[in-house]
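Asker: Sequence:
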Amino acid sequence: MAKFTEKIKLLVVAGPTASGKTSVAIDIAKRFGGELINADSRQIYKYMDIGTNKGVIEPIDDQLRIEYQGYDIENSGVVAWGFDLVKPGQGYTLSDYKRFADKLITDINSDGKVPILVGGTGLYIDAVINNYTINTPPDLTTRSKYSEMPVEQLKTIAKKANPETYNKLNNSDVNNPRRLIRIIEGRKAPKREDSKFEVFFIYPKYDKDELYATINQRVDRLIDLGLQTEVQWLMENGYAETEQINGLGYKQMVEYMNGDISYTEMIEKLKQSHRNYAKRQAVWFEGDGRNYKLNYYVFNAEIDKICSDISNFLNGR
130 MAKFTEKIKL LVVAGPTASG KTSVAIDIAK RFGGELINAD SRQIYKYMDI GTNKGVIEPI
190 DDQLRIEYQG YDIENSGVVA WGFDLVKPGQ GYTLSDYKRF ADKLITDINS DGKVPILVGG
250 TGLYIDAVIN NYTINTPPDL TTRSKYSEMP VEQLKTIAKK ANPETYNKLN NSDVNNPRRL
310 IRIIEGRKAP KREDSKFEVF FIYPKYDKDE LYATINQRVD RLIDLGLQTE VQWLMENGYA
370 ETEQINGLGY KQMVEYMNGD ISYTEMIEKL KQSHRNYAKR QAVWFEGDGR NYKLNYYVFN
430 AEIDKICSDI SNFLNGR
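Residue numbers for the sequence shown follow this note's numbering, so the first one is 130 and each next one is one higher.
Read the hints as simulated data drawn from the structure, not as lab findings.
Here are the simulated lysine to aspartate or glutamate pairs, EDC-like style, with alpha carbons at most 20 angstroms apart:
{"no.": "1", "residue 1": "232", "residue 2": "169"}
{"no.": "2", "residue 1": "380", "residue 2": "365"}
{"no.": "3", "residue 1": "138", "residue 2": "156"}
{"no.": "4", "residue 1": "183", "residue 2": "156"}
Let the hints inform the model, and build the full structure from the sequences given.
Answerer: Here it is in structure tokens:
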């Protein structure tokens, strides 16, 4: 008789940027004895703190799992993993992240704590909860570039890259960024195996206009915190040509510092790029093709309801 192995219970807190994921995840971790695993493909890079909105993270001396460093996030006492894994310009693939997250989830669970995957990079989250088998790992740096593009631009590139496959797409797939990116890369969809985890997915209810206003305020705050100084340091220390400094959160500041756009244009373009990113994240999580159920909540306001539902999930009710 085959031996039955009980799946690890995994909490996932995901959604668009500036929707309050980190705050809710910290509260959940405090109530249930959890540890956070970061699922943000930009925050894995060292020296890129302000533009990626890492917030306050402090290394914890006695918190080491495998070769990775644990951090106290937002002075909360909650341990978080998955920050500052590599330097800008260093390769870090989807396969690398999945291996990292799988190991941490298993270790956290073995210690009797609750693993909580939190972030807005849908590809990272999909790979973990759908247990992707990645025979030829994609270059995540290149894929991240495509993931920041609007769907209409992806359509144009995909049609040029493989018109035969593109013309066979149905109405759903032709507006699915995952599917379009796979066509551009010339790759088949990653193979899904049976999930290693039993997942409870926590996702925000939000008003789009309010979210965009919050994003605009965040950009103003990042500039006040010293985004220009951070970009200057990166440019002076050998990272001026990396994909990351020319990506979300940095590109417009680089253009301003190079004299290509005005200060006012830089701020407006930076805000627009973050709003566009939030829209793409929403399409990823909420659109067709996902293989998981989203449980919707008003973040912070419904924290008691969230925790009640989590308790039922963890206790098998």
